[in-house]
Every structure is written in C-alpha cells, then in structure tokens.
Amino acid sequence: MKLEDQLAEFSFFGKQPEITDEIVQYYQQNQHELDLLIDKGQFHSKFLMYFFILGLVLTVGARLLRYFFEGDFGEFIDRVLLDVISEIGIAVFGGALTVYFLEHLKKKQYQESIRLRKEIKRRIKELEQNRPS
Numbered sequence: 030m031k032l033e034d035q036l037a038e039f040s041f042f043g044k045q046p047e048i049t050d051e052i053v054q055y056y057q058q059n060q061h062e063l064d065l066l067i068d069k070g071q072f073h074s075k076f077l078m079y080f081f082i083l084g085l086v087l088t089v090g091a092r093l094l095r096y097f098f099e100g101d102f103g104e105f106i107d108r109v110l111l112d113v114i115s116e117i118g119i120a121v122f123g124g125a126l127t128v129y130f131l132e133h134l135k136k137k138q139y140q141e142s143i144r145l146r147k148e149i150k151r152r153i154k155e156l157e158q159n160r161p162s
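Residue numbers (this note's numbering): 30 to 162.
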C-alpha cells in the first residue's frame, strides 16, 4: 500500500497504520503535518474548506457557462445540464458549511465538557479534603 493511502486511511477512517521507516521519513520532511495527527479537527476544517471551494466553483462555473451556449441546444444545456451541475455545487458547499458549523459546535461542547469535568473533580477533591477522618 502506498504511503498516501496509509495516511489517508488513518486520517479518514481512524485506522492505525503500521509505522514504517517510510512514514517516519515523510513526517521528518513534513514536520508541520505532525500536528494533524493529533488535531484532526484542523485537518477536517481544511478538508471541508476544499469541498466548500469545489462546490462554489461548480455553482459559479455552471452559472457562467450559461452565456456560452445559444439556440435550442444551448437552452437544453442551460436548463438541464448546467442546472444539475449548479445544484450539485450548491449541495456540496451547503453540506460543507453545515458540517463545519456542526464541527465547531461539537468542539465548543467538548471544551465545555472538559471545563465542567475539571470543576467537578476540583469540588470532589475539596469535599474529600474537608471530610473529617
């Protein structure tokens, strides 16, 4: 299996790759990507940004192509093909935005849960210290 495939399996599916010399050499040369192993949220945000841009390009591209076709064939292209491409583009960037916002809310909830857990642990520790032995 190629190095890119191993890294993609780890990034997308959470599958633990076998750490080979090839992987170590890759991260030695691309140390800025090491944080992406830990911070998958950053990777997902970049991934979602690429989908957002793809959807936007499809939508805008389809709208611009309408002006290049004329006559009955142009009308067919406009009403069928370009509308389908445009709708796919809208769906892709709309989905990417939705997932991005949900990921942001999930991260916020996770941080709030950590804060809540720390506070509860602190208060439990206080109760145990104040309890007469």
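Keep in mind the hints are simulated off the structure, nothing from the lab.
For every residue, glycine included, the Cβ atom is placed at its ideal position computed from N, Cα and C.
Possibly wrong hints are sitting among the right ones.
[What the hints assert, rightly or not] Here are the simulated DSSO-like cross-link-like pairs (lysine-lysine), alpha carbons at most 27 Å apart as the crow flies:
no.	residue 1	residue 2
1	K135	K150
2	K147	K136
3	K150	K136
4	K154	K137
[What the hints assert, rightly or not] Just the calculated beta-carbon pair ranges, DEER-fashion:
no.	residue 1	residue 2	range
5	D112	I48	40 to 50 Å
6	E141	Q54	18 to 28 Å
7	Q54	E155	43 to 53 Å
8	I82	T49	39 to 49 Å
9	E148	K75	25 to 35 Å
10	E155	Y56	19 to 29 Å
task: Measure nothing beyond the straight line between the CA atoms of K147 and K136; if it is 27 Å or shorter, mark the hint as holding.
output: Holds, at about 17 Å.
query: Would you say the C-beta atoms of Q54 and E155 sit inside 43 to 53 Å of each other?
result: 50 Å, holds
message: Next pair to validate is K154 with K137; report whether the Cα-Cα distance is within 27 Å.
response: 26 Å, holds
query: Taking only the CA atoms, is the gap from K150 to K136 under or equal to 27 Å?
result: Holds, at about 21 Å.
- prompt: Between K135 and K150, does the CA-CA distance stay at or below 27 Å?
  reply: Holds: K135 and K150 sit about 22 Å apart, inside 27 Å.
- request: For the range 19 to 29 Å, tell me whether the beta carbons of E155 and Y56 fit it or not.
  value: 43 Å, violated
- request: Go ahead and decide if the range 40 to 50 Å is satisfied by the Cβ distance of D112 to I48.
  value: With a Cβ separation near 48 Å, D112 and I48 satisfy 40 to 50 Å, so the hint holds.
- prompt: Can the suggested window of 25 to 35 Å be confirmed for the beta-carbon pair E148 and K75?
  reply: Roughly 33 Å apart at Cβ, these two residues keep to the hinted range, so it holds.
field: Range hint compliance [Cβ, E141 to Q54, 18 to 28 Å]
entry: About 40 Å separates the Cβ atoms of E141 and Q54, which means 18 to 28 Å is violated.
- request: Given the hint of 39 to 49 Å, check if I82 and T49 actually sit that far apart at their C-beta atoms.
  value: Because 33 Å falls outside the window, the suggested range is violated.
In this structure, the hints that do not hold are numbers 6, 8, 10, in rising order.
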